[in-house]
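Student: Please arrange chain U on chain F, whose structure you already have, making use of the hints.
These are the residues of each chain, in order.
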Amino acid sequence: MLELNALVLKAGSPPFSHRFEAGQINVVLGRNHSGKTRLARVIAGLDAPESGEVLLGGKVVTGDPPGKRSVALVYQDFVNYPNWTVFENLASPQKAQRVSAALIRERVLEIAGQMQLTEFLDRYPDALSGGQQQRLAIGRALAKSADVLVMDEPLVNLDYKLREALQVELRGLLREFGVSVVYTTSDPRDAFALGDTLLLLADHRLLQAGPPLSLYESPGSPAAADLMSDPCANRWMVGGDLRLIRPEHLSLDPAHVDDVAFPVQVLGRETNGSETFVHCQADVAEANTQWVAKLSGLVDLAPGSREIFYASATAIMKFDAHAD
Amino acid sequence: MKAIQAAKTGGGQWLLYLYGIYLALPVYWLVSLSLRSNQSIVGTTGDAGLTFANYQEIFTNPVWYTGFANSLSYVAINTVISVTVALPAAYAFSRYRFIGDKHLFFWLLTNRMAPPAVFLLPFFQLYSAVGLFDTPLAVALAHCLFTVPLSVWILEGFMSSVPRSLDEMARIDGHSLPYFFLRIFLPTIKSGIGVTVFFCFMFSWVELLLARTLTGSAAKPIVVVMTRTVSASGIDWGVLAAAGVLTIVPGLAVVWFVRKHLVKGFALGRVS
Chain F
32 MLELNALVLK AGSPPFSHRF EAGQINVVLG RNHSGKTRLA RVIAGLDAPE
82 SGEVLLGGKV VTGDPPGKRS VALVYQDFVN YPNWTVFENL ASPQKAQRVS
132 AALIRERVLE IAGQMQLTEF LDRYPDALSG GQQQRLAIGR ALAKSADVLV
182 MDEPLVNLDY KLREALQVEL RGLLREFGVS VVYTTSDPRD AFALGDTLLL
232 LADHRLLQAG PPLSLYESPG SPAAADLMSD PCANRWMVGG DLRLIRPEHL
282 SLDPAHVDDV AFPVQVLGRE TNGSETFVHC QADVAEANTQ WVAKLSGLVD
332 LAPGSREIFY ASATAIMKFD AHAD
Chain U
19 MKAIQAAKTG GGQWLLYLYG IYLALPVYWL VSLSLRSNQS IVGTTGDAGL
69 TFANYQEIFT NPVWYTGFAN SLSYVAINTV ISVTVALPAA YAFSRYRFIG
119 DKHLFFWLLT NRMAPPAVFL LPFFQLYSAV GLFDTPLAVA LAHCLFTVPL
169 SVWILEGFMS SVPRSLDEMA RIDGHSLPYF FLRIFLPTIK SGIGVTVFFC
219 FMFSWVELLL ARTLTGSAAK PIVVVMTRTV SASGIDWGVL AAAGVLTIVP
269 GLAVVWFVRK HLVKGFALGR VS
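So the protein lines, in turn, are chains F and U.
Going by our numbering, the first residue of the first sequence is number 32, and it counts up by one from there.
Going by our numbering, the first residue of the second sequence is number 19, and it counts up by one from there.
Simulated from the structure, these hints should not be mistaken for laboratory data.
We put the CB at the ideal spot given by N, CA and C, even for glycine.
Among the hints, a few may not be true.
Not the full set, but computed from the structure, chain U residues with beta-carbon under 10 Å of chain F [claimed, not checked]: (1) V180; (2) S183; (3) E186; (4) M187; (5) I190; (6) S194; (7) R201; (8) L204; (9) T206; (10) K208.
So that you can see chain F by itself, here it is in the shape it has in the complex (with noise of 0.2 Å):
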């Protein structure tokens, strides 16, 4: 399937391999300018890297333009011709293919059915809902019949309700085409919604793969701690030693006894009911460097206030200090 062999995308950042499996969604989850819309131009063909190979079914392609490759690709704003309806957006791949008119048709209304825009088909996409045009984008990429899909924040620019709403059925979709599937995003929670395995890309790099539950349960370093971690991990030294709880992880309430115990002082808390994140200093952090401890439900503590967070044992990652 798609292999990265040696791959730089940036002069200057470490060479790196990965291969992808088949028929799997694979997440890359990286912060703003990590690579992530890099990678997806390498793979697509629209960018050469540095140095290294793209190999899709075992040969390199790494030379070969973005038309000749068997990759599809979906930008984060919704791109589709203007000139041209739902219909002809839809066929333009394969148009481009040489596919006899009758074939076509036969594709696209399939298409079209499954995307939801059968009955939108004679507009043109600037009368479509966002949600209608990166369906319709999505769409075209199918109709590409391509081994790869490569998605760049295919959901970033649509509405919160609607990025929910597309992400289930975007899950069940490409299931059901059988496509393997590249998806970048800057979301943890994508990563565990939509991925079977997950990429975490840092400063052009990548820093870890795997299952996204293993990734999260026990990542390689603090960067991949960090990235899975919305807010950031709260840090504090132990002897020589780097320590690492989530802010999920902290809790007003001991559940064990063997629990640890964190005394802080409240800055601040922020909350949107379902959950509050509270700003405090932690006695063992060094000074000016804030934690944040996310607790479910509403919680009311007053700034000022001392506090005790416990954290299970369990839950305490342990890095060496020059990690990264």
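Tutor: Below, chain U without anything else, positioned relative to chain F:
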């Protein structure tokens, strides 16, 4: 809300009407002159009846109607050449980075910094040497010196407002560059093309100096014919006015055909 609307119809609208009258008055004057005989205009006879004799004169006198034909032909040639040449050039400036691209782009503008008079003599000598003198093509090519840079600048603005991802999408779908350019990209920027056509047409249609100098008798444009209506019997005001009215018509026609794109194009605010 109501109060605001009332205020609008009160002061602003009257000002607008006044301005409209101010703009329309010369045109009205021109049209009314063109429908009267010269004698009635200069006041030697009291006859004030409407007459189409002036228009008839223009449509039957070859000096007049060939003037129109000449003008229209070089304006058309100029517009076609300018847009066809500027489209790929603007695409290159908009999409590719090459050594000196910014300098070259700005250099185009410098062609517009010199007044047309500067180029008169070189053009005259050049065209006389190659036998282009006194042809519509000569004027069209001379005007291209000004309209091509203008077109490139206008089109580049419109093209750059189209996201590059559209080009990339077409590449991924497997379309060739010419196919993408003609079937997807050009329709996408048709407003920009409309605006460009409008500017090329207008420049070429009203330009007098080059058009007069680079033509003799065979390709004499209408604006030149109009400046040469003085005869032994004085100026024929009526015919001159009729010619003036007919000169406005092609401009109006162009505005009419591209008006939808013009509004869109100007609304984008991408006209350099």
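Student: Against chain F, is U/T206 within 10 Å by beta-carbon distance?
Tutor: 6 Å, holds
Student: Holds or violated: the hint that U/I190 contacts chain F, with Cβ atoms closer than 10 Å.
Tutor: At 4 Å from the nearest chain F Cβ, U/I190 passes the 10 Å test, so the hint holds.
Student: The hint names U/S194 as touching chain F; please verify it with the least Cβ-Cβ distance against 10 Å.
Tutor: Hint on U/S194: holds, closest Cβ of chain F at ~8 Å, below 10 Å.
Student: Does the closest beta carbon of chain F sit nearer than 10 Å to the beta carbon of U/S183?
Tutor: 5 Å, holds
Student: Quick check on U/L204 please, does its C-beta sit within 10 Å of some C-beta on chain F?
Tutor: Holds, about 9 Å.
Student: At a threshold of 10 Å, is the proposed contact between U/K208 and chain F supported by beta-carbon distances?
Tutor: 8 Å, holds
Student: Quick check on U/R201 please, does its C-beta sit within 10 Å of some C-beta on chain F?
Tutor: 8 Å, holds
Student: Have a go at the U/V180 hint: is there a Cβ in chain F nearer than 10 Å to its own Cβ?
Tutor: 9 Å, holds
Student: Against chain F, is U/E186 within 10 Å by beta-carbon distance?
Tutor: 5 Å, holds
Student: Classify the hint on U/M187 as holds or violated, based on whether any CB of chain F lies nearer than 10 Å to its CB.
Tutor: Constraint on U/M187 satisfied, holds at 5 Å.
Hint check: no violations occur; every hint is consistent with the structure.
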